[in-house]
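Enquirer: Residue strings, one per chain:
There are 2 protein chains.
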Amino acid sequence: MNACIITIGDELLQGFTRDTNSEWISKHLLDYDVHTEYKVTIPDDRPKIIQTLKRAISDQYDFIFITGGLGPTHDDVTRNALKLFFEVSTVFDQDHHEKLVEWCHQRNIIPPLNLESQSTILSGSTSIPNPVGSALGMSIKYDGSQIFILPGVPAEMVGMMQETILPKFFLKSDFSRFITLKTVGKGESKISEEISDIIHDFETDVKIAFLPQYTGVNIRIKRISKRVGIAHTVANLIQKRLKGLIYTNEDHALEEVVGKMLRLNKLTLSVAESCTGGWLSKRLTDAPGSSDYFLGSVIAYHNNIKKSVLEIPDTILEQYGAVSEQTAKLMAESICKITGSSIGISTTGISGPTGGTLKKPVGLVFIGLAYDGQVFASKFNFLKNRTLHREMSCTTALNMLRLLLLENFSNTF
Amino acid sequence: MNACIITIGDELLQGFTRDTNSEWISKHLLDYDVHTEYKVTIPDDRPKIIQTLKRAISDQYDFIFITGGLGPTHDDVTRNALKLFFEVSTVFDQDHHEKLVEWCHQRNIIPPLNLESQSTILSGSTSIPNPVGSALGMSIKYDGSQIFILPGVPAEMVGMMQETILPKFFLKSDFSRFITLKTVGKGESKISEEISDIIHDFETDVKIAFLPQYTGVNIRIKRISKRVGIAHTVANLIQKRLKGLIYTNEDHALEEVVGKMLRLNKLTLSVAESCTGGWLSKRLTDAPGSSDYFLGSVIAYHNNIKKSVLEIPDTILEQYGAVSEQTAKLMAESICKITGSSIGISTTGISGPTGGTLKKPVGLVFIGLAYDGQVFASKFNFLKNRTLHREMSCTTALNMLRLLLLENFSNTF
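If you're matching them up, the sequences are chains A and B in order.
One gets my numbering by counting positions in the first sequence from 1 and adding 52 to each.
One gets my numbering by counting positions in the second sequence from 1 and adding 52 to each.
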């Protein structure tokens, strides 16, 4: 089964208001094995609404979701456009209207002039109650498509989906057709090469997609045949092949996975950051409950802080420089000592745009890791883009930590 | 002038990967007076790509942006679909290819098998350099529409837009029809009340929109009459009325504005963070050149770090608690002393989801500010959502710093 989502609203086309509705709907439809194959955003414009719906119906989607433009103000034109399209009259829900008027009275609000529209639905449609707002939703069967017409306010749309549409119109499938494996440490093309035989062997059963981000590649496995469970079989094969490259087969962030490993092994962590400027600590503390293992950090942006707080000797900074393996190692060791944590991690690099030299160009970074009396640091040359350099440094630091834990603790995934 | 944006990618239709590309493009096109009127997301599917482009061309948009599906793997089918649609052959850019191979060699990476595709463009198209990735972009004029074909990786798309497409293909109206005033510290309805007479007086000349975000409200002024310059006149009136509420009339982030003020006055800053866990330092160091004024931070997530590194006395933590005005003030003073900075700023709060009590609920935060021998702290109750609480705490801290600087230095905006 497939679906098309039409979101309506001028504000969604200006880049300032995010269309979270289509995200929510498509994500939740997957649980019912319904795949969104088309998402379109159009202005509050009658001809455009009619043209877009006409196209969607001719494309024969099983389900069409329309959100937005059902409110009481002058720019909410969806109801009228659909009335024209379906060539139907409207029905007024007197009960619903009285409830709205009563609601206004209770709050000493004068009912707005055009409140009637909120209780008006298309003839031949089934009304969908709105648990958190005023406008009624609608459902209509037309030319083989089941069409849902919902308000644009996210909470109202979600309320209608959860309380009426999903339980009433959809059947939950007990075996998901999708599995996502999240990887870090290798590029998209390398990974696809390493599993090319698996892709080939199962090409009639699953479709494998690579979703590259700068911080890692997600491998998405989608069952396309009737072999229930085949997506899991293929996922297991890929996991065995790629081993440590995959950090989760669930919807977890890298920092959550690392956090879970630390918690499980009753380890604590502290951070000494230079170029990443707090981002690594921020990511670690994004995870709820991170206070179980994360103790704290020193952001030693200026060299004086490296000297005074982290006690990196002048001689090291002069001989090797702040961006060096030696400094990275000392930073990791020092933060361990200062906080008493079991593991210390450090970053020192040149994120740019300025500050690079021939020998130490923008993009260079050293990441240090201290654990159990040992310390090491690795050198990387990332992109010369400040934001990406910082982001990749954080991700790589988290991944080095993950690999260290994998190596030392057999109870981690 | 209007535009249509076609984003391609299975992952964008499953609700897990956000389509930030269309947001970015539509937002930035507004500066060139180009309005996005259609946004559509489709799968990596050849017939669908062809059908969608055909429709967009028949709808006669001035500009059509296509992003996604130019990568080197098997599911990147955009280039091929467009080749079929335009009925053209391809051109191989040998120079670009050699650069990519060289790049791989320098990093001891074996060039992936399908690297050639990254240097292949459609005949008749103009190639668009990719400053941060491998795939070339393309521009093609067809049936009255200027079509841009860009990679789906946001940083690559942005790089191409900023370095080539916007400066080369678009004319910035030298007297922009749009002005955006960015505010922080008050809600949408309060602000609209305060300037309601200005909105009314100029309603035939400008349309004023409020774009609320959790971290502040942007006021967007759009000229709708032929009175060139009227948007600036209205912007000036609003700026005079709202004074310190507006932090910029340009596209600057709050941390950049604060950074500029610090640099101008040769001041230095350091940070002591608890609940924000590094995010405030991260935001400060997002700004290039922040090493001019930002010295460093201590992230005292665990109370032991508050005691040992920031030297907050046991008695204070026991009597008032870690989340208190007293602790916030001592943290700000202490980080000043440790780093020798002219200004110190601190955060301590309960971001949740757990850790709240009746007296100190989730959402509570104290922000401290030490400067010139003086120190104060303010108390806030923000949302009970962990991410939003942390984000609002950071923004409020930056704004308190901005207001302190405004008060003490007449040369700041």
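No lab work stands behind these hints, which were simulated from the structure alone.
It is possible that part of the hints are untrue.
Repeated chains share a single entry, so a pair holds when one copy, or any two copies, can fit it.
[To be verified] List time: in silico EDC-like cross-link candidates among lysine to aspartate or glutamate, alpha-carbon distance up to 16 Å: (1) K278 <-> D97; (2) K318 <-> D424; (3) K412 <-> D424; (4) K220 <-> E89; (5) K193 <-> E139; (6) K359 <-> E168; (7) K274 <-> D62; (8) K412 <-> E377; (9) K238 <-> D97; (10) K274 <-> E443; (11) K412 <-> D249; (12) K79 <-> E246.
Enquirer: Failing hints, ascending?
Expert: When the structure is compared with the hints, numbers 1, 3, 4, 6, 9, 10, 11, 12 turn out to be violated.
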